[in-house]
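Respectively, the protein sequence lines represent chains A and B.
Residue numbers are given in my numbering: position 260 of the first sequence equals residue 260, and the series is strictly consecutive.
Residue numbers are given in my numbering: position 2 of the second sequence equals residue 2, and the series is strictly consecutive.
Misleading hints may appear alongside valid ones.
[What the hints assert, rightly or not] A short, non-exhaustive set of chain A residues, derived as facing chain B with CB atoms under 8 Å:
| hint | residue |
| --- | --- |
| 1 | Arg172 |
| 2 | Phe256 |
| 3 | Ala260 |
[Said to hold, decoys possible] Cβ pair distances, simulated, as ranges:
| hint | chain 1 | residue 1 | chain 2 | residue 2 | range |
| --- | --- | --- | --- | --- | --- |
| 4 | A | Arg30 | B | Ala114 | 44 to 54 Å |
| 5 | A | Glu194 | B | Ala183 | 48 to 58 Å |
| 6 | A | Gln47 | B | Trp85 | 28 to 38 Å |
By construction, these hints were calculated from the structure, which means they are not laboratory data.
All of these numbers come straight from a predicted model, not from anything done at the bench.
From the three backbone atoms N, C-alpha and C, an ideal C-beta is built for every residue, glycine too.
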Amino acid sequence: MPASAKARVDDIEQRLLLDAIYHHYHYDFRQYAQASLKRRLQSALTQFGCKTLSQLQDRVLHEPSVFTALLQFLTVQVSDMFRDPAYFLALRTEVIPILRTYPSIKVWVAGCSAGEEVYSLAILLAEEGLLDRALIYATDINPHALRAAEQGVFDLDRVAAFTSNHARSGGRSSLSDYYSARYGRVVFDKRLREHMVFSDHSLATDSVFAEVHLISCRNVLIYFERDLQSRALGLFHDALVHRGFLGLGSRESLRFSAQADNFDDFVLEERIYRKKAGL
Amino acid sequence: MSANAPTSPAAPRTTPPSGPWDAIVIGGSSGAIDALNALVPALPARLCAAVIVVLHLPRDRRSLLVDIFRERCALPVLEAEDQLWIQPGHLYFAPPDYHLLVDQGPRLALSVGAPVYFSRPSIDVLFESAADCYGDRLMGILLSGANEDGAQGLAAIQAAGGRTVVQAPSSAAMPTMPNAALARLDVDDALTPDEIAAMLSQLPTQPVL
Numbered sequence: 001m002p003a004s005a006k007a008r009v010d011d012i013e014q015r016l017l018l019d020a021i022y023h024h025y026h027y028d029f030r031q032y033a034q035a036s037l038k039r040r041l042q043s044a045l046t047q048f049g050c051k052t053l054s055q056l057q058d059r060v061l062h063e064p065s066v067f068t069a070l071l072q073f074l075t076v077q078v079s080d081m082f083r084d085p086a087y088f089l090a091l092r093t094e095v096i097p098i099l100r101t102y103p104s105i106k107v108w109v110a111g112c113s114a115g116e117e118v119y120s121l122a123i124l125l126a127e128e129g130l131l132d133r134a135l136i137y138a139t140d141i142n143p144h145a146l147r148a149a150e151q152g153v154f155d156l157d158r159v160a161a162f163t164s165n166h167a168r169s170g171g172r173s174s175l176s177d178y179y180s181a182r183y184g185r186v187v188f189d190k191r192l193r194e195h196m197v198f199s200d201h202s203l204a205t206d207s208v209f210a211e212v213h214l215i216s217c218r219n220v221l222i223y224f225e226r227d228l229q230s231r232a233l234g235l236f237h238d239a240l241v242h243r244g245f246l247g248l249g250s251r252e253s254l255r256f257s258a259q260a261d262n263f264d265d266f267v268l269e270e271r272i273y274r275k276k277a278g279l
Numbered sequence: 001m002s003a004n005a006p007t008s009p010a011a012p013r014t015t016p017p018s019g020p021w022d023a024i025v026i027g028g029s030s031g032a033i034d035a036l037n038a039l040v041p042a043l044p045a046r047l048c049a050a051v052i053v054v055l056h057l058p059r060d061r062r063s064l065l066v067d068i069f070r071e072r073c074a075l076p077v078l079e080a081e082d083q084l085w086i087q088p089g090h091l092y093f094a095p096p097d098y099h100l101l102v103d104q105g106p107r108l109a110l111s112v113g114a115p116v117y118f119s120r121p122s123i124d125v126l127f128e129s130a131a132d133c134y135g136d137r138l139m140g141i142l143l144s145g146a147n148e149d150g151a152q153g154l155a156a157i158q159a160a161g162g163r164t165v166v167q168a169p170s171s172a173a174m175p176t177m178p179n180a181a182l183a184r185l186d187v188d189d190a191l192t193p194d195e196i197a198a199m200l201s202q203l204p205t206q207p208v209l
């Protein structure tokens, strides 16, 4: 088969697989950015020993455990605590002073994966003396990732990078104040977890569930096509209180979205936006 | 020749693909800046093709590539952003710590997927996604570098009918990267940076309106 025909067949198979997953499992990846999804599906093929996505589709439809395993490939779970320290520094210096004026503070980490960012924000709030009146909603579509996030357990060999990021984010305490290390792992403090609610939520198919003051959704939208990005940003707009804050990943922006007009730049360099008044 | 290379002894390559090109993808690692210093100024204004570049960079620093090359390039030079439409006659650099892909549109897409050969951005990721999108209207150029990222991507470009070029290993500060490609596929050209520059300078340009 010539290369161009094979590429076309690959595309068809990918669409069919995503349709099958949607109809059977109600997970909607149909509007995910296809190029990066294709790459992840190719590594899934190797993992499951399938030659084609059609073969994989057969197994996914008839073996639920294969779908559960495939979810680990379909969702991207690469993050660090305090990834992009300058973002957390900007939250600390620019956003926290305003959040401080509210009697209670609600934060939504959308696409929380294994929880690195949730724990980062909880520590930041604790350092600023706000954790006691804060609640962090942490959502993801991947139940495996949510369970991991809820445990708050990370490999010890990642902690050096976390610690250095934390220091550069303007951390006022030692990261080690918040975890205990044992058997090559660290477990984050229960005090932090008492202010977190973990929940299954899809930006593709679910709606707004709470009113929040700050949404952090970083390096999630890059996996979506434009229409889905707009849907997610619409949810964020609806979920935010009057003049609430939205933080995106360092290479994401609102400028290609219909929502661009509904937000002001707040710390543009760190992709922190603020909901416009009166909307 | 590596185990992954096409093994069929038949079908000696006829003339290499000759374009025209919708895009030129360039990848490199250590030593590649020196080669880019020769290549980028040679790109003619109003080039018909878009140019997309992945260099391995330190993860935690702002990239200076755009600042360095903007002055010395006849094309607009941009750092790649997610969802950006790829424009002919523009040069895009991958940002540090993200993979850069070409998606349908063609548009640029970013990902924070796992590093490839310890690298993010990865040359393979760009080349393979670009080969999918552009097929035989793509040229891939692999420059100096000390690991094997890019060889598989260049093979994908060749499989899709595109043209493949490597920096001649003798001219590369770190020949591992071009050598890996030469071992893996029947590369169309192995050229010095000056020869690549001369070839680029002859590429078709858009008429002035």
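Going through the numbered hints above, which ones does this structure break? Give me the numbers in ascending order.
The structure conflicts with hints 1, 3 and 4, although it agrees with all the remaining ones.
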